[in-house]
Amino acid sequence: MELEYFFELFLGGLVKGSIYALIALGYTMVYGVVELINFAHGEIYMLGAYTALIVASVLTVLGFPQLAIVVMAGLAAIIWASAYGYTVEKVAYKPLRKAPRLSPLISAIGMSIFLQNYVLLAQTDKFLPFPELIPEFEFWEPYSHIIGSPSLMILVSTVIIMMLLTYIIKYTTMGKAMRATAQDRTMAMLVGISVNKVISFTFVIGSSLAAVGGVLVASQMGQINFYIGFMAGIKAFTAAVLGGIGSIPGAVLGGLVLGMTESLATGYISSDYEDVFAFALLVLILIFRPAGLLGRNTTQKV
Amino acid sequence: MDTGIPMFKLSEIKKSLVVALWFIFLTFPIMVIKVNTIENFIAWRWRNMFMIGICSFVISLVWRYFQENEASGQRILSLFTQIPLVKRLKGMSVSERPTQDGVIRESNPMIQRIFYTLLIVMALLFPFVNDYQTTILTTALMYVILGLGLNIAVGLAGLLHLGYVAFYAVGAYTYAILNMHYGVGFWVALPLGGLLATLFGIALGIPVLRLRGDYLAIVTLGFGEITRITLENWDALTQGPSGIAQIPKPGLFGMELTTQQGIMYVYYLAVALAILTVFCTYRLQNSRIGRALMAMREDEIASQAMGINIARTKLTAFALSASFAGMAGVLFAAKTGFINPQSFTFMESAIILSIVVLGGMGSILGVIIGALILILLPEYLREVGNYRMLLFGASMVIMMIFRPQGIISNVRKVYKIDQGGQK
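Residue numbers (this note's numbering), protein chains in the order written: chain E, 1 to 302; chain A, 1001 to 1423.
Keep in mind that the hints were calculated from the coordinates and are not lab data. We put the CB at the ideal spot given by N, CA and C, even for glycine. Check before you lean on any hint, since a few could be wrong.
25 Å max Cα-Cα, derived DMTMM-like pairs, lysine to aspartate or glutamate [unchecked claim]:
(1) Lys126(E) with Glu1012(A)
(2) Lys197(E) with Glu35(E)
(3) Lys98(E) with Asp184(E)
(4) Lys1034(A) with Asp275(E)
(5) Lys176(E) with Glu35(E)
(6) Lys90(E) with Glu132(E)
(7) Lys98(E) with Asp1131(A)
(8) Lys197(E) with Asp184(E)
(9) Lys90(E) with Asp184(E)
(10) Lys98(E) with Glu35(E)
(11) Lys98(E) with Glu1298(A)
(12) Lys90(E) with Glu1012(A)
(13) Lys98(E) with Asp1235(A)
(14) Lys1249(A) with Asp1235(A)
(15) Lys126(E) with Asp275(E)
(16) Lys126(E) with Glu35(E)
(17) Lys126(E) with Glu1300(A)
(18) Lys94(E) with Glu8(E)
(19) Lys1249(A) with Glu1232(A)
(20) Lys94(E) with Glu35(E)
(21) Lys1249(A) with Glu1379(A)
(22) Lys126(E) with Glu1232(A)
(23) Lys170(E) with Asp184(E)
(24) Lys197(E) with Glu1012(A)
(25) Lys170(E) with Asp275(E)
(26) Lys94(E) with Glu1012(A)
(27) Lys1034(A) with Asp184(E)
(28) Lys1249(A) with Asp1131(A)
(29) Lys1249(A) with Glu1348(A)
To spell it out: a stretch of chain A is covered by chain E in this simulated footprint if at least three of its residues, at any positions, have a beta carbon under 8 Å from a beta carbon of chain E; those stretches are [unchecked claim]:
(30) 1200-1211
(31) 1216-1224
(32) 1348-1354
(33) 1393-1403
According to the in silico footprint, chain A covers these stretches of chain E (three or more CB under 8 Å from chain A) [as the list claims (entries may be wrong)]:
(34) 57-70
(35) 103-115
(36) 172-185
(37) 249-257
Build out the structure end to end from the sequences listed, making use of the hints.
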């Protein structure tokens, strides 16, 4: 019984952690390339969830089959979230490339407020019920007491997406250009990399990951409002820093550690202080490893 | 192609058209479609689509026009900063251009003194205008204190602090709780709140001594959130999310004050505290500690080599900046008479940080102007109702794009070496 409870919490943590990881990847990639804490990232996640909800509702009313709705809502979320990510970068960050370091941060906070209120005004301030996009799979029925279909779906899609992402970053030309830009932007420019394109691409990839995360979470939670991006963004940021910001495996590890800690701590200690555990863990880890779990310890030069 | 007439080129119009189409596409699901999930009813709001299209087309065209005509564009952009008043204020704090020998000097102290005296007299006479304005200005003044406090950590010491509101909360709750249980008055709570916040600042500072940059940012953010969540859940002490009500207004030698007098009194307290804060931060800037903070901001290792104790200096920065927030918190509790954890969310920290960055990091006058703009703007935007936060967010982005270095950029003391002569 005791073991089963632990197992349940463990799986819950795994699911939560993989979502954090998905969103954290966007943070960490953007940070790696432009060294900016993209506070609007959580809002992109929220916009992804909203787009999926709207498209799914429209298609339901029009009488599309379930499978088509799932696929199209998911795709729409990815497309529009990427579009938002791309536009936000062009409007709010690109003019500030050469500005003092904190200015883009403020611009990002402003963008975050703007996007929240944009959705609030254009849609509603109430919680909207989110359709169950992920059905209960029949073949999974015998195991569903261990882990439900939606959770399974989250785990599987996260793993697939991460493999895809690893492929893009390691083996494609764009991935190489991204790594080069992250290492040294001026040098990348000198060898003929179009840095603007790389940055846009990074925002697009990060935003689409956030959108996938948004859709998966929303469909598991069953409801969304304009404010969901905020906490998700902060948690993902925490996860990214935990793993070592700028490091892609770090974001995944950080997300998993964070999700696991939250799940176990709420299960065994208290559910009121869920977020406190997350941040306390962060502080603890950073005391011993100031650059995060997988972050490189850069030597300081004078 | 320069015909002398401000005509838009065809290519510009085409590009703007593309931008308009892009924004129509971008905002389509959110702006046009509205679903009623309960009745499965969809409203198509085509009007919004046209509005978005037209607006983005016009904005894009205007934007391009200014970019094209660099000179006129500059003129328009600089309108924002070159308003005579701003210009004069700028001249008063520190002269913009380095003098001949490359050393920037403080401008005439006499003018400065007159200016500040006038400002104070105006501030003192202000509450006779009306109550509503006074209340708003009191709030703005509290943010001036908070902004200046945070400025010590962010502007002077270069420590990016995203959980500053925690100290504000500590101050507010100190007064509220002590008053509820022990009947402690405002004047005792004020220093106590400052002191407790200082202790919190040190407690936060110790674990983060080794962290830098964004790692520090997230830990401070976490600290702020931990404080808020604890306040929300520790029912026995803080009464949880419902908050603490009926916090008494500050006393004035046992006199009974009417509501209107109370508002004025709190306003004067805020003015006094703001002046105290300005005085302290002003004196701090050129003190030994202030210089140590700035040296640390520029380069930790180099400043260490110069004999600055980094650990102690960092803790000093945290403690000093926290103490002002603590006192502002006590004042806040006394002003509103009711506090709950919702007043101390991350958004508050973000707004205080925006005040500092928008005003110009490290510049006292800048922070004051920043606070007045950022706090008064949403208040006066109440006219436009729901759109106020939308415009607020947008104006933060726009202000950053036009003045990334802040309204009043703090000119650093620069020593220029004559390149021709010696090397």
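Violations among the numbered hints: Violated: hints 1, 4, 6, 7, 13, 16, 17, 18, 25, 27, 36 and 37.
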